[in-house]
Amino acid sequence: MSTERTRTERTRRRLAPRTAAVIYHVVMVTASLFFVVPLIWMVASSFKTKREIFESPFAPPTSFDLTVWTSAWERGDLGVYALNSVLTTVVSVAGILVFGLLAAYAFSRFRFRLSRWLLLPFVLGLLLPVQSYITAQSRWLDAFYLLDTRWALILPYIGLGLSLAVFLLKGYLDTLPRELFEAARIDGAGDFRMLVQLVLPLMRPGLATVATFSILSCWNEFLLAMLYIQDEDLRTIPIGLLAFTGKYSTDYPTLFAALSIITIPMIGIYVIFHRQVISGITEGSVH
Amino acid sequence: MKADRRWTPYLLVAPAFLLFAFVVLIPAVLNTALSVMDWSGTNQMTFVGLDNFFRAFRDDIYLMAYRNTFVYIGLTLILEVLAGLILAGLVTMRGRRTAFYRIAFFVPVMLPMVVIAVLWAFVYSDDIGLINSGLRAIGLDEWAPVWLGDPSTALIAVSVVSGWIYAGFYMAIFYAALQRIPTHIVEAATLDGASQWRIFFSIRVPMIRPIIEIAVLLCVTGAFQSFDLFYVMTNGGPDHATEIITTYLVEVVFRFHNLGYGAALATIMTVVVLALGFVFTRIRARAGGAGLEY
Numbered sequence: 001m002s003t004e005r006t007r008t009e010r011t012r013r014r015l016a017p018r019t020a021a022v023i024y025h026v027v028m029v030t031a032s033l034f035f036v037v038p039l040i041w042m043v044a045s046s047f048k049t050k051r052e053i054f055e056s057p058f059a060p061p062t063s064f065d066l067t068v069w070t071s072a073w074e075r076g077d078l079g080v081y082a083l084n085s086v087l088t089t090v091v092s093v094a095g096i097l098v099f100g101l102l103a104a105y106a107f108s109r110f111r112f113r114l115s116r117w118l119l120l121p122f123v124l125g126l127l128l129p130v131q132s133y134i135t136a137q138s139r140w141l142d143a144f145y146l147l148d149t150r151w152a153l154i155l156p157y158i159g160l161g162l163s164l165a166v167f168l169l170k171g172y173l174d175t176l177p178r179e180l181f182e183a184a185r186i187d188g189a190g191d192f193r194m195l196v197q198l199v200l201p202l203m204r205p206g207l208a209t210v211a212t213f214s215i216l217s218c219w220n221e222f223l224l225a226m227l228y229i230q231d232e233d234l235r236t237i238p239i240g241l242l243a244f245t246g247k248y249s250t251d252y253p254t255l256f257a258a259l260s261i262i263t264i265p266m267i268g269i270y271v272i273f274h275r276q277v278i279s280g281i282t283e284g285s286v287h
Numbered sequence: 001m002k003a004d005r006r007w008t009p010y011l012l013v014a015p016a017f018l019l020f021a022f023v024v025l026i027p028a029v030l031n032t033a034l035s036v037m038d039w040s041g042t043n044q045m046t047f048v049g050l051d052n053f054f055r056a057f058r059d060d061i062y063l064m065a066y067r068n069t070f071v072y073i074g075l076t077l078i079l080e081v082l083a084g085l086i087l088a089g090l091v092t093m094r095g096r097r098t099a100f101y102r103i104a105f106f107v108p109v110m111l112p113m114v115v116i117a118v119l120w121a122f123v124y125s126d127d128i129g130l131i132n133s134g135l136r137a138i139g140l141d142e143w144a145p146v147w148l149g150d151p152s153t154a155l156i157a158v159s160v161v162s163g164w165i166y167a168g169f170y171m172a173i174f175y176a177a178l179q180r181i182p183t184h185i186v187e188a189a190t191l192d193g194a195s196q197w198r199i200f201f202s203i204r205v206p207m208i209r210p211i212i213e214i215a216v217l218l219c220v221t222g223a224f225q226s227f228d229l230f231y232v233m234t235n236g237g238p239d240h241a242t243e244i245i246t247t248y249l250v251e252v253v254f255r256f257h258n259l260g261y262g263a264a265l266a267t268i269m270t271v272v273v274l275a276l277g278f279v280f281t282r283i284r285a286r287a288g289g290a291g292l293e294y
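Quick note, the sequences are listed as chains A and B, same order.
Just so you know, my numbering puts 246 at position 246 of the first sequence, and the rest follows in order with no gaps.
Just so you know, my numbering puts 144 at position 144 of the second sequence, and the rest follows in order with no gaps.
One or more of the hints may lead you astray.
[As the list claims (entries may be wrong)] Which residues of chain B face chain A? A few of them, derived with a C-beta cut under 7 Å, are:
hint : residue
1    : A3
2    : T8
3    : V48
Don't read these hints as lab results, they were simulated from the structure.
Here a beta-carbon is modelled for each residue, glycine too, at the ideal position from N, C-alpha and C.
For reference, chain A alone in the conformation it holds in the complex (with noise of 0.2 Å):
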């Protein structure tokens, strides 16, 4: 009587973490699913008729053919538009790392007169939403003959990443010990040498924080692609996105072709470097 009580309860006790643990993970996934739910269904739908999207929306595709892909991708001008994605988000972000490292390298290791006055527009820029100028900036832009050319896009870019790139790299340099650049400035090193051959290895972290947050920024901006870029040939991947819902606007086919064709290679990318990409864009965010 005894044995089997304590049999039972030792089974009890084994078992009830064990369905805990079912249901958590029940909970969990089911969670998971509600993130992920709609992006499935949004690359099955790309493989079926348009007929198979009405009538059956919970079905698995019957088949995965890719030429809807291939098809969306040309009629699209995907091609073009990932180009100017590319071009416009690496000259930005190059823009972004260079200039950021320069003035933070500055803000933080010297001592000059103007530092504090020069400094602090960029720490304003942090508070300022992009709202509050972008009407007279749009004149601004045109009165140097700027809007419907890249840099429309790649100065605006820069100016709006500057402000977080100088201000979170100016924090990494913070922390470095003095010590470090006292004996490099005995040992003979020069301002720039300093630079190049102390800071910019030390700051491959910091580098890599600002880089992705800028990368998706920019990768990822809207407003000002939309409103400073009409020339077709100049779109980037949301405003050609957008362009090509509204011509297909019905070719559900087509258009769940062209959303998985953007959205894939980005989730492909995050799922590889996913801790990169999540301390990046908080780091980024709650600076």
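Knowing the structure of chain A, use the given hints to seat chain B on it.
Chain B alone, transformed into the frame defined by chain A:
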């Protein structure tokens, strides 16, 4: 430290500062100047004093946009910050083997907002949409409204998408903060017989309070500036039910070419956001530079 040459620091700061001045500072100053003008962009600019501001406070659509923005803020605090906190709590409940969930929750954050907006417009669609198809499949036809076309559901529908995107973002922030709580504190509570539930609300949440405050302000200031989702999914409609400050601003400036008035609307918004931002920095200073490591 002193530079080798006196002008070196200026030379280093110059490219960043000049570019920043060109695209942000000068336009910001010009924008403020524009807000006391009447200008269509092509006609003669005339000085109108504070008329644009008086007009703003009597503009029903503009006031409605504020109301909608505040409703949106309230909804996103629940759907983004609170949901993110709950997800973070769930993820930290059982220690290891949660990477998969964390990665899944965060997926929408890195995707282009436009892509998400287009995708969710389909999810909400009455013809092919996942939600209404699902509701019909279980016989709830009456419960299947035209989500984005009905003034009573449109704002909530857009807010849900916002939550879909950002709940994972706040989860990541809270998760990083929760990881930094010393394990012995939680272990001590467990030995005292506290339940997981109790540990979460009485120990973990109070300990990450500074981060929660930052998240709340980030959510509020972010909500003021959101645009993409609203523009693509509803463009302020139906009947201004989802009109927010930014969609109205863009319409005034780029569709009605009322640059002076638009600039004034932007100036008002800037004051509101900057005020919130200063609260943000104060709290941040109090939080003592709690950095994040994921």
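Right, here's what the structure says about each hint:
{"no.": "1", "hint": "A3", "result": "holds, 5 Å"}
{"no.": "2", "hint": "T8", "result": "holds, 5 Å"}
{"no.": "3", "hint": "V48", "result": "violated, 15 Å"}
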